[in-house]
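Novice: Chain by chain, the residues:
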Amino acid sequence: KMAAATMSPYFGQQMSSKNDLVPAWTSQEVSTGTTIMALEYDGGVVIGADSRTTTGAYIANRVTDKLTPIHDRIFCCRSGSAADTQAIADVVTYQLGFHSIELDEPPLVETAANLFRASCYRYREELTAGILVAGWDRRKGGQVYCVPIGGMLVRQPVSVGGSGSSYIYGFMDSNYKPNMTKDQCLELTAAAVSLAMERDGSSGGVVRLASISKDGVERRVILGNQLPKYSTH
Amino acid sequence: MDTFCTVYCYAVSRSSPDICSLTRIYYDAGCDDLSFSASNGVVLATEKKQKSILYDEQSVHKVEPITKHIGMVYSGMGPDYRVLVRRARKLAQQYFLVYQEPIPTGQLVQRVASVMQEYTQSGGVRPFGVSLLIAGWDEDQPYLFQSDPSGAYFAWKATAMGKNYVNGKTFLEKRYNNDLELEDAIHTAILTLKESFEGQMTEENIEVGICNEAGFKRLTPAEVKDYLAAIA
Numbered sequence: 001k002m003a004a005a006t007m008s009p010y011f012g013q014q015m016s017s018k019n020d021l022v023p024a025w026t027s028q029e030v031s032t033g034t035t036i037m038a039l040e041y042d043g044g045v046v047i048g049a050d051s052r053t054t055t056g057a058y059i060a061n062r063v064t065d066k067l068t069p070i071h072d073r074i075f076c077c078r079s080g081s082a083a084d085t086q087a088i089a090d091v092v093t094y095q096l097g098f099h100s101i102e103l104d105e106p107p108l109v110e111t112a113a114n115l116f117r118a119s120c121y122r123y124r125e126e127l128t129a130g131i132l133v134a135g136w137d138r139r140k141g142g143q144v145y146c147v148p149i150g151g152m153l154v155r156q157p158v159s160v161g162g163s164g165s166s167y168i169y170g171f172m173d174s175n176y177k178p179n180m181t182k183d184q185c186l187e188l189t190a191a192a193v194s195l196a197m198e199r200d201g202s203s204g205g206v207v208r209l210a211s212i213s214k215d216g217v218e219r220r221v222i223l224g225n226q227l228p229k230y231s232t233h
Numbered sequence: 001m002d003t004f005c006t007v008y009c010y011a012v013s014r015s016s017p018d019i020c021s022l023t024r025i026y027y028d029a030g031c032d033d034l035s036f037s038a039s040n041g042v043v044l045a046t047e048k049k050q051k052s053i054l055y056d057e058q059s060v061h062k063v064e065p066i067t068k069h070i071g072m073v074y075s076g077m078g079p080d081y082r083v084l085v086r087r088a089r090k091l092a093q094q095y096f097l098v099y100q101e102p103i104p105t106g107q108l109v110q111r112v113a114s115v116m117q118e119y120t121q122s123g124g125v126r127p128f129g130v131s132l133l134i135a136g137w138d139e140d141q142p143y144l145f146q147s148d149p150s151g152a153y154f155a156w157k158a159t160a161m162g163k164n165y166v167n168g169k170t171f172l173e174k175r176y177n178n179d180l181e182l183e184d185a186i187h188t189a190i191l192t193l194k195e196s197f198e199g200q201m202t203e204e205n206i207e208v209g210i211c212n213e214a215g216f217k218r219l220t221p222a223e224v225k226d227y228l229a230a231i232a
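Protein chains in written order, with full-length UniProt numbering: chain A, 1 to 233; chain B, 1 to 232.
If you are wondering where the hints come from, they were derived from the structure by calculation, not from laboratory data. Please note that the accuracy of each hint is not assured.
In silico lysine to aspartate or glutamate, EDC-like type, Cα no more than 16 Å apart, as pairs [stated by the list, open to error]: (1) B:K174 x B:E204; (2) B:K90 x A:D42; (3) B:K90 x A:D90; (4) B:K68 x B:E118; (5) B:K48 x B:E183; (6) B:K174 x B:D184; (7) B:K217 x A:E105; (8) B:K225 x B:E204; (9) B:K68 x B:D140; (10) B:K194 x B:E204; (11) B:K68 x A:D104; (12) A:K140 x A:D90; (13) A:K140 x A:E102; (14) B:K163 x B:E198; (15) B:K68 x A:E105; (16) B:K68 x B:D138; (17) A:K177 x A:D90; (18) B:K169 x B:E203; (19) B:K217 x A:E218; (20) B:K217 x A:E102; (21) B:K49 x B:D184; (22) A:K214 x A:E105; (23) A:K182 x A:E218; (24) B:K225 x B:D179; (25) B:K68 x B:E139; (26) B:K90 x A:D104; (27) B:K48 x B:D184; (28) B:K51 x B:E195; (29) B:K68 x A:E102; (30) B:K68 x A:D20.
Note that the coordinates shown come from a computational prediction; the quantities given were computed from them, not determined experimentally.
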């Protein structure tokens, strides 16, 4: 039953579960359990995330900001290992910052996405990172690129990620329509993330939203008591 | 400046027999540039004389941004400058990656000057044939530094470099005072440049960069034209 691969994240858990002197959470990685999503609209993108970071069952941070700026009009949504995604985002920020100032132009979202993909694919054995890259550039307007675990890269008009995303695929498939306005996108994102937070134990806290367009970035937070309420009973 | 010549000749004589002619090139190619630190910003100004009217002036720049809040200009060999610009940009990003804060101007200057010094003490290389003027804004203060081929660096309130630096500095000494605002500084910088300018000064053959709390910016030819109109 011991894990064969030394890189398996569960290897550590099996070792210390036999050890009563050390609590289980010391061997569990800090994870942005998460629900993240990003949508394209005509003129920009809307991104959203929950705010829960867990070490095992303990919520290490209940007000996490998983929407990370990479450049003036490019953000990423982080899911997976908190440490891995922070480190990758920092490196990509460096690479994109240098690239952009050499070009003397704002960078393309596709460029940022490819930099993420390059790191995520090269180090795929050591990393656990599911990232959505979203932003606006002059050439193609609002764009969302998905870089899941393993280091694939694909552009999608709508993308969800993180452990909570499984619960809202159906919701997104039935409620997303092409050519929505920015406000419709914001409403949809808030609703979807709330639903996922309700069902996924690793997602919760507040809903963080951001919209990115040529005019800049607008950020907002929806607090617990202001979240849309759903009930099936 | 004369002491630098001697340093080159002794340190690098084996790998570079042409070192003496090199330093001559350094001086000849030195176009005039100058910079000015005002109470609320810094201005860098340089002449950019091209050898032929066929050159596309806007494709190559002397005033270059390093980060959002730091920029620089040079006097000397263009190709050597490009290497340092690239290096400086990388150093700035590296600093941010480690310290999660924009690099303070002094720190960048120290690091760039370090690189320049390295090339005076390593085998098989020659010193950079440029003097840099680095302008930055951090912690609500303007900064202006010069970095020489030896690796020595100095902070300035106002300075001039290049062919006519003696006259330039004299002119600046008369005109500098601590309370000058950025707008006046730009005006004065352009006037100083005009003193040693041969021929007609237009927005196509000078470059101006400014650095204030909003960050570093190279002025567009249109903006330079407005300032030139004011001194006409």
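Novice: If a hint holds in the structure, say so; if it doesn't, say that too.
Specialist: Outcome of the hint check:
1. B:K174 x B:E204: Violated. K174 (chain B) to E204 (chain B) sits at ~28 Å, over the 16 Å cutoff.
2. B:K90 x A:D42: Violated, because 35 Å separates the two Cα atoms, which is more than 16 Å.
3. B:K90 x A:D90: holds (14 Å)
4. B:K68 x B:E118: violated (27 Å)
5. B:K48 x B:E183: violated (22 Å)
6. B:K174 x B:D184: holds (14 Å)
7. B:K217 x A:E105: With Cα atoms ~13 Å apart, K217 (chain B) and E105 (chain A) stay inside 16 Å; holds.
8. B:K225 x B:E204: Given pair K225 (chain B), E204 (chain B) holds - Cα atoms ~9 Å apart, limit 16 Å.
9. B:K68 x B:D140: Within the cut-off at roughly 14 Å; holds.
10. B:K194 x B:E204: holds (14 Å)
11. B:K68 x A:D104: holds (11 Å)
12. A:K140 x A:D90: violated (25 Å)
13. A:K140 x A:E102: Roughly 21 Å between the alpha carbons, so the hint for K140 (chain A) and E102 (chain A) is violated.
14. B:K163 x B:E198: holds (12 Å)
15. B:K68 x A:E105: The hint holds at about 12 Å.
16. B:K68 x B:D138: Between K68 (chain B) and D138 (chain B) the Cα gap is close to 11 Å, so the pair holds against 16 Å.
17. A:K177 x A:D90: The hint is violated at about 34 Å.
18. B:K169 x B:E203: violated (23 Å)
19. B:K217 x A:E218: violated (25 Å)
20. B:K217 x A:E102: Roughly 14 Å between the alpha carbons, so the hint for K217 (chain B) and E102 (chain A) holds.
21. B:K49 x B:D184: Violated, at about 25 Å.
22. A:K214 x A:E105: OK: K214 (chain A) and E105 (chain A) at ~14 Å, within 16 Å.
23. A:K182 x A:E218: holds (11 Å)
24. B:K225 x B:D179: violated (25 Å)
25. B:K68 x B:E139: holds (14 Å)
26. B:K90 x A:D104: holds (15 Å)
27. B:K48 x B:D184: violated (22 Å)
28. B:K51 x B:E195: Not OK: K51 (chain B) and E195 (chain B) at ~21 Å, beyond 16 Å, violated.
29. B:K68 x A:E102: OK: K68 (chain B) and E102 (chain A) at ~12 Å, within 16 Å.
30. B:K68 x A:D20: violated (53 Å)
In this structure, the hints that do not hold are numbers 1, 2, 4, 5, 12, 13, 17, 18, 19, 21, 24, 27, 28, 30, in rising order.
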